[in-house]
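In terms of this note's numbering, the sequence shown opens at residue 481 and continues consecutively.
Be a bit skeptical, because a hint or two may be false.
Unchecked claim - SDA-like mimics (lysine to any residue), calculated; alpha carbons at most 20 Å apart, straight line:
{"no.": "1", "residue 1": "Lys580", "residue 2": "His562"}
{"no.": "2", "residue 1": "Lys643", "residue 2": "Ile519"}
{"no.": "3", "residue 1": "Lys629", "residue 2": "Thr588"}
{"no.": "4", "residue 1": "Lys643", "residue 2": "Asp520"}
{"no.": "5", "residue 1": "Lys643", "residue 2": "Ser606"}
{"no.": "6", "residue 1": "Lys580", "residue 2": "Trp617"}
{"no.": "7", "residue 1": "Lys633", "residue 2": "Phe585"}
{"no.": "8", "residue 1": "Lys643", "residue 2": "Gly537"}
{"no.": "9", "residue 1": "Lys580", "residue 2": "Arg615"}
{"no.": "10", "residue 1": "Lys583", "residue 2": "Leu601"}
{"no.": "11", "residue 1": "Lys633", "residue 2": "Ile526"}
{"no.": "12", "residue 1": "Lys583", "residue 2": "Glu502"}
{"no.": "13", "residue 1": "Lys583", "residue 2": "Ile519"}
Quick caveat, the hints were computed from the structure, so don't treat them as lab data.
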Amino acid sequence: MTECTLGYIPERLHTNDKPLIETFSIGEFLYRRCRPEEIDNPFASISISELSHNRSGPEGQDISRPEDVLYNIQLESELQYHTDKVVCVLRIETLTLEQKYRKQFEETKNDNIYTSIMELLHDPESCMYPHCVFRIWVNDVQVTLDNYKENLKKLNVIRNSLKEELAFMIVKKIISQDSFPNIQ
Numbered sequence: 481m482t483e484c485t486l487g488y489i490p491e492r493l494h495t496n497d498k499p500l501i502e503t504f505s506i507g508e509f510l511y512r513r514c515r516p517e518e519i520d521n522p523f524a525s526i527s528i529s530e531l532s533h534n535r536s537g538p539e540g541q542d543i544s545r546p547e548d549v550l551y552n553i554q555l556e557s558e559l560q561y562h563t564d565k566v567v568c569v570l571r572i573e574t575l576t577l578e579q580k581y582r583k584q585f586e587e588t589k590n591d592n593i594y595t596s597i598m599e600l601l602h603d604p605e606s607c608m609y610p611h612c613v614f615r616i617w618v619n620d621v622q623v624t625l626d627n628y629k630e631n632l633k634k635l636n637v638i639r640n641s642l643k644e645e646l647a648f649m650i651v652k653k654i655i656s657q658d659s660f661p662n663i664q
């Protein structure tokens, strides 16, 4: 992985040679930035494909704070911090026996059975070690924005179940940017 070259990103968030954390913890928080008007459910009106979040880290090993998700890590952008966004906090409530987040959903449509898997994976970026993603598969095909219409948009039951699952995880309290101490 390349070294982080964005000077405004705190060193504690750089991936450097930190190991991938393949398991999650019940009670671990996930942070997602969104527009203020979406704070109650930022998943309601988006296409469900790969969804980026930051993870707080396993208990006793805090690797991220809520405000960290507001840093811009896009190299080609001059924007350093998303001042127009707020932080939506999710909490992991269930895991598999292997401490992984994995959910399965099914839908029968026109005599065809569709199986969808939603999995949460630690996916560090060079300037954002706590970065993780929810990845979605339908019948073993990973859903992307490019293939969303062919794979997931037509499956209303699965799509709604995925959105409900994510909405269930939202912690119902608003965290204001003004409450974040000393953004670097």
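Taking the hints in turn, this is what the structure says about them:
Taking the CA atoms of lysine 580 and histidine 562, the gap is about 30 Å. The hint is violated against a cut of 20 Å. Under the criterion of a C-alpha separation no larger than 20 Å, the hint pairing lysine 643 with isoleucine 519 is consistent with the structure, at around 14 Å. About 17 Å separates the Cα atoms of lysine 629 and threonine 588, which keeps this hinted pair within 20 Å; it holds. Distance hint between lysine 643 and aspartate 520 is fulfilled; the C-alpha atoms sit about 13 Å from each other, no more than 20 Å.
Taking the CA atoms of lysine 643 and serine 606, the gap is about 29 Å. The hint is violated against a cut of 20 Å. With a C-alpha separation of about 16 Å, the suggested pairing of lysine 580 with tryptophan 617 holds against the 20 Å cut-off. For a cut-off of 20 Å, the pair hint linking lysine 633 to phenylalanine 585 stands: about 14 Å separates their Cα positions. For the hint linking lysine 643 to glycine 537, the alpha-carbon distance of about 23 Å lies beyond 20 Å, and the restraint is violated.
Simply put, lysine 580 and arginine 615 have alpha-carbon atoms about 13 Å apart, close enough for the 20 Å limit, and the pair holds. Among the hinted pairs, lysine 583 with leucine 601 is consistent with the structure: their alpha-carbon atoms are about 13 Å apart, no more than 20 Å. With a C-alpha separation of about 11 Å, the suggested pair lysine 633 and isoleucine 526 falls inside the 20 Å cut-off, and the hint holds. The suggested pairing of lysine 583 with glutamate 502 holds, with an alpha-carbon distance near 16 Å, which does not exceed 20 Å.
Straight-line distance between C-alpha atoms of lysine 583 and isoleucine 519 comes to about 24 Å, which puts the hinted pair past the 20 Å bound.
Checked against the numbered hints above, the structure breaks hints 1, 5, 8 and 13 and satisfies the rest.
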